[in-house]
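Protein chains in written order, with the numbering used here: chain A, 1 to 177; chain B, 1 to 119; chain C, 1 to 357.
Since the hints were made in silico from the structure, they are not lab data.
Do not rely on the hints blindly, as some may be mistaken.
To be verified - Here are the simulated DSS-like pairs of lysine-lysine, each with C-alpha atoms no more than 27 Å apart in a straight line:
#1 B:81 - B:70
#2 C:163 - C:153
#3 C:308 - C:348
#4 C:153 - C:308
#5 C:153 - C:173
#6 C:163 - C:173
#7 B:22 - A:147
#8 C:328 - C:339
#9 C:62 - B:42
#10 A:147 - B:70
#11 C:339 - C:312
#12 C:62 - B:41
Claimed, not checked - Covered stretches of chain B, as calculated for chain C (at least 3 residues, CB under 8 Å):
#13 76–83
#14 88–98
No residue lacks a Cβ here, since even glycine has one placed at the ideal position from N, Cα and C.
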Amino acid sequence: MNPDTKQINLTFDTTREDYRIAWLTALAISIHIIESALPSPLPGVKPGLANVITIVVLLMYGWPTAAWVAMLRVTVGSLIIGTFLTPTFVLSLSGAIATIMALGIGSRLPGRGLGPIGYCLVASMAHMATQFIVAYTLFIPHDGLFKLLPVLMTASVVFGIVSGLIVNAMMSRLRVE
Amino acid sequence: MTRADYIVVIFAFIMLPYLYMKYWQAPVQGETAQILIGTDKKMEVSLDTDRQFSVEGPLGTSLIEVHEGKVRFVDSPCRGKQCVHSGWLQQTGDFAACLPNHISVAILGHDHVYDAINF
Amino acid sequence: MKQMLINCTVIYTSCLRQLILCASIPFLVTACGSQLHEARLVAFGTLVDISTWGVDSETSEKAIAAVESSFNEINSTWHAWQPSTLTHINDQLAMGEQIELEPDKISLIREASRLADASNQLFNPAIGKFIALWGFQNDDRPQGPPPEPTAIKSLLASAPSMKDLVITDTSLKSTNAAVKLDFGGFAKGYAVDQAINILRSQGITNAIVNAGGDLRAIGRHGDRPWRVGIRHPRESGIIASVETTKDESVFTSGNYERFFDYQGIRYHHIIDPRDGYPARDSISVTVIHDNAATADAAATALFVAGPKLWRKIAAQMGITQVMLIDDKLNVYMTPEMAKRIHFEIDPKPTIIIDDPT
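Put together the whole structure using the sequences plus the hints.
Right, here's the structure in full:
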């Protein structure tokens, strides 16, 4: 036996696609960190603008990659900010999981399925609703919290539509390349 | 925009008003006292500002005071002054009445958790 | 891994679908107004809250007006001290006269007598003279001092009781001049029963009639049961809550309802017929039973019975759900009551569940 043939080839063939995904992930993480600096009525409940990236990835590379990017964003983002395993992280994570699942359902719809705005709206509403449920169940089981729900969901719808428009803009630019 | 997109948007625009209707129905306020005069007149008084005011009944003027979230009859033209002796009303369901003057005061709950309070 | 993700997604889809259905259908079906209608009126010397569910406000208001008339009528018929049918009856009874009465009045007296019997006379509506002696047969609050022991002793010797009554289908007579009927621990329950009957006759099947804290609830609040909060007998706030099913009355007798303080001692209106003094040992008794009149009488009787005798008397009266709180704030309950009552205070009080076996 030639000892050389036992050597395992550890070089990775990186493609253009990998670069792009890595770049998008880094962008998502950055947006996540910036968003964390924004004030909000309920600690940890954010507009979810980083979802824009998730959906761009979804549209370009499919759901599994989008799921991966979303999870990376939340985990790495919280590690960098220093909120890993805190309540804020739990809220982000639950929002991300809800988003991933909602997008998963959305991507399986028959016919032409959802466009950017549809995906963004679904993701944003699932994200906010789940964050609210988690916040209520785990952190603030106070009935008065429900007074915030209509406002939060309104924000999520608004941000969802805005994200959808941003995704539209990004997609036309990215496709041209 | 695909057809599915439109469905999602329509759903969102139906869901939002529903949420407002459901969760914003109860007034967001502190406790209130309800004053019944005779059989048909009703007054609601918020207990968050201290004040004194008078209420007219068939027998005369009853004086009512709100102080630190509580309410009471200060004076009344009835003979027995049972209403005054009831003292401060504070909890949901607390009730005092000047029956001769047809005036009653009761604390309304702002907490809609219970449909009725037993005591 | 992929399979697990797919499974999760399927479950989430069905939940989401369910959520969407639940969210949109009620909105589409329910009118902008709620199906709950609440009214408040002063009757029976107290505040009566009536809630109805599932009927329009017109039907509800009409029924509530009828209930108000009923309360006023019962109050003026059975008032213990203001001139009423009852005071007239008492005058006649004291003179040893036989009185002719309508069937509905006979049946109330008969029922009260039956309950007095079942409670070993601890619920004794014939002790009106004691209640007057203590000053509670008055619109004004008594000031004290408490009556002289000799006055109490001599009344005790005359031993007024429902057993002294001779009741026929049309008439009433007493063999003891000391009998003075006071249905304070019973008439409210009776009135609440009549109110529920009236609501039912108007087609209302979901309602609560709450007369000054004692209530009967029928049906439900839409898709959930009616929720009743029970006030703490001493502190502010709710001590426990219960969800009613089908048709139930929740009645509480407490030492805080009518009382006066004299030289540091509290004297309340629930007189123990055995010694003529306000019953000690208990501070409140809550009874859940279908019929309100029975619940009212039972709450009174068990309050007098106290921690030692309540279990026996409850069994005799056919009451299975009792919560008694003694002056040390120990809570005594039947197993049936323990199963459904939910304590809202922290820490939970000392609970003693008394098993009949």
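Each hint tested on the structure:
no.: 1; hint: B:81 - B:70; in the structure: holds, 19 Å
no.: 2; hint: C:163 - C:153; in the structure: holds, 20 Å
no.: 3; hint: C:308 - C:348; in the structure: holds, 22 Å
no.: 4; hint: C:153 - C:308; in the structure: holds, 24 Å
no.: 5; hint: C:153 - C:173; in the structure: holds, 25 Å
no.: 6; hint: C:163 - C:173; in the structure: holds, 11 Å
no.: 7; hint: B:22 - A:147; in the structure: holds, 9 Å
no.: 8; hint: C:328 - C:339; in the structure: holds, 23 Å
no.: 9; hint: C:62 - B:42; in the structure: holds, 18 Å
no.: 10; hint: A:147 - B:70; in the structure: holds, 26 Å
no.: 11; hint: C:339 - C:312; in the structure: holds, 20 Å
no.: 12; hint: C:62 - B:41; in the structure: holds, 18 Å
no.: 13; hint: 76–83; in the structure: holds (count 4)
no.: 14; hint: 88–98; in the structure: holds (count 5)
Checked against the numbered hints given earlier, the structure satisfies every one of them.
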